[in-house]
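Asker: Sequence:
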Amino acid sequence: MPDRSTSSPGSALVTATVDRAAPLATAPLLAAIAAQAEKADLSRTVDPDVIGALKASDVLGLVASREIGGGEATVAQLGAELAAVAGACASTAWCLWNHWSVFHLFVGALGPDHADLLSLIVAGHQWVCFPGGAGSRVFGRIDGDDVILDGSATFGSGCRYADWTGAAFAIGDGSRPPTPDELRFTVVPLDGPGVRIDATWDGASVRASATDTIHYDSVRVPLERCTPWFAANRAAAFRDPALPMVHARYREDWVGLSDIWLAHMAVGTVQAALQDAVASIDGRRAIMGASMVNMPNVQANLGSVTAALTTARMAAEAAAQDVDARIARGDIPTEADFQRQGAVSATVLTLCQDAMLTLLRTLGGNGLREGGSFERRWRDIAAMPIHINAHPDRVHLRLGQFLLGVEGQRF
Numbered sequence: 122m123p124d125r126s127t128s129s130p131g132s133a134l135v136t137a138t139v140d141r142a143a144p145l146a147t148a149p150l151l152a153a154i155a156a157q158a159e160k161a162d163l164s165r166t167v168d169p170d171v172i173g174a175l176k177a178s179d180v181l182g183l184v185a186s187r188e189i190g191g192g193e194a195t196v197a198q199l200g201a202e203l204a205a206v207a208g209a210c211a212s213t214a215w216c217l218w219n220h221w222s223v224f225h226l227f228v229g230a231l232g233p234d235h236a237d238l239l240s241l242i243v244a245g246h247q248w249v250c251f252p253g254g255a256g257s258r259v260f261g262r263i264d265g266d267d268v269i270l271d272g273s274a275t276f277g278s279g280c281r282y283a284d285w286t287g288a289a290f291a292i293g294d295g296s297r298p299p300t301p302d303e304l305r306f307t308v309v310p311l312d313g314p315g316v317r318i319d320a321t322w323d324g325a326s327v328r329a330s331a332t333d334t335i336h337y338d339s340v341r342v343p344l345e346r347c348t349p350w351f352a353a354n355r356a357a358a359f360r361d362p363a364l365p366m367v368h369a370r371y372r373e374d375w376v377g378l379s380d381i382w383l384a385h386m387a388v389g390t391v392q393a394a395l396q397d398a399v400a401s402i403d404g405r406r407a408i409m410g411a412s413m414v415n416m417p418n419v420q421a422n423l424g425s426v427t428a429a430l431t432t433a434r435m436a437a438e439a440a441a442q443d444v445d446a447r448i449a450r451g452d453i454p455t456e457a458d459f460q461r462q463g464a465v466s467a468t469v470l471t472l473c474q475d476a477m478l479t480l481l482r483t484l485g486g487n488g489l490r491e492g493g494s495f496e497r498r499w500r501d502i503a504a505m506p507i508h509i510n511a512h513p514d515r516v517h518l519r520l521g522q523f524l525l526g527v528e529g530q531r532f
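Quick note on the numbering used here: the sequence shown kicks off at 122 and runs consecutively.
Because the hints were derived from the structure by calculation, they are not lab data. Heads up, a few of these hints could be off.
[As the list claims (entries may be wrong)] Listed next, the in silico DMTMM-like pairs over lysine to aspartate or glutamate satisfying Cα-Cα at most 25 Å (straight line): (1) Lys-160 / Asp-319; (2) Lys-176 / Asp-284; (3) Lys-176 / Glu-193; (4) Lys-176 / Asp-319; (5) Lys-176 / Asp-312; (6) Lys-176 / Glu-159; (7) Lys-160 / Asp-397; (8) Lys-160 / Asp-323; (9) Lys-160 / Asp-170; (10) Lys-176 / Glu-188; (11) Lys-160 / Glu-496; (12) Lys-176 / Asp-237; (13) Lys-160 / Asp-284.
All chains, full assembly: derive it from the sequences and hints.
Answerer: If you want it as structure tokens, here you go:
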């Protein structure tokens, strides 16, 4: 039977993407990433050979500017890379997305004074993570030229595959709320004494993302490696032209970029699900033996999914290109730019989630019973809109407050 996902006249609608000057850097790895996707989902671990191949390549350093030895890929290219990887395996994409997002933050937070360390991480093809989710409590006490860290930090996606972790902490013992000038940030090698990864991630989606908890037990960090931490004021602080930056791109807030890249991942995941659904239509029979390919509701549903996917892709790509144009001009981002990144991404994620619901309705009971990749991708898409960075409740509230000029949530 013909493969309608690639042979039909409409296949260009499903696979079209933004024009790129260079081929995908992840292209040589996609087949291996896809081959282990089902096993990774079941075992909750990305294949070590895939992690090794990513580290052996130049992929991890694409997010880094040339000043620190990176590939300085555009925001649009990084989005396209993540869309392709997510179509192969969303868990692998989630880990790569987290590394790119938080390394961008690390460069902004550590700044030019720590360019040698950042260059070392890039040159060593090393992976980073940044647990700091709900329930995180890390404190530090100064001891001579060191800071001693104690506590736990949660939701460190990719930490089992990483070499370094970021640590946001407060000077003190937690007996009182810290003042802003007591907040610090540093990076810690994960193989150092007193650092322990607790495999707490048992999620229904992106099962191999290793979104775990990191515990610090009297971990010593050089005081000179610690910098002020702007916390919720971070985005505004990085826009200050008086604050030195390794490169202008790092004035873009990591949360906004992570939203744009997460939107690309959703697009890539839905695209792969749609391609598989279209390919499975031929020869499939509905109740009473009706040919699914000739059923008007199936045709209409697939058209609806394709329209939503095309719209989502165009919006995500336009958002990325907007950032790239601003960086190229040397413009410092504004609060409106930051709000726009979250707003576009939340809408793209909603479109993608709705498209998956329509695909589920189209495939019906047999589509679920017959196995395949749809159920995994359905679960993975469910995780994307509820990530705190792009959660619609947070994004829409913040956007409305900005529109009304009301002081509100800053994270």
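Asker: Against this structure, judge whether each hint is valid.
Answerer: Results for each hint:
1. Distance check on the hinted pair: Lys-160 and Asp-319 sit about 22 Å apart at the alpha-carbon level, within 25 Å; holds.
2. Straight-line distance between C-alpha atoms of Lys-176 and Asp-284 comes to about 11 Å, which keeps the hinted pair within the 25 Å bound.
3. The suggested pairing of Lys-176 with Glu-193 holds, with an alpha-carbon distance near 17 Å, which does not exceed 25 Å.
4. A C-alpha spacing of about 23 Å is found between Lys-176 and Asp-319, which places the hinted pair at or below 25 Å, so the restraint holds.
5. Distance hint between Lys-176 and Asp-312 is fulfilled; the C-alpha atoms sit about 17 Å from each other, no more than 25 Å.
6. For a cut-off of 25 Å, the pair hint linking Lys-176 to Glu-159 stands: about 21 Å separates their Cα positions.
7. Taking the CA atoms of Lys-160 and Asp-397, the gap is about 18 Å. The hint holds against a cut of 25 Å.
8. At most 25 Å may separate the alpha-carbon atoms for a hinted pair to count; Lys-160 and Asp-323 meet this at roughly 16 Å.
9. At roughly 13 Å between alpha-carbon atoms, Lys-160 and Asp-170 fall within 25 Å of each other, so this suggested pair holds.
10. A C-alpha spacing of about 20 Å is found between Lys-176 and Glu-188, which places the hinted pair at or below 25 Å, so the restraint holds.
11. Distance restraint check for Lys-160 and Glu-496: the Cα-Cα separation of roughly 14 Å lies within the 25 Å cut-off, and the hinted pair is therefore satisfied.
12. The hinted pair formed by Lys-176 and Asp-237 meets the criterion: a straight-line CA distance of about 20 Å does not exceed 25 Å.
13. A hinted pair counts as satisfied when its Cα atoms are at most 25 Å apart, and Lys-160 with Asp-284 qualifies at roughly 24 Å.
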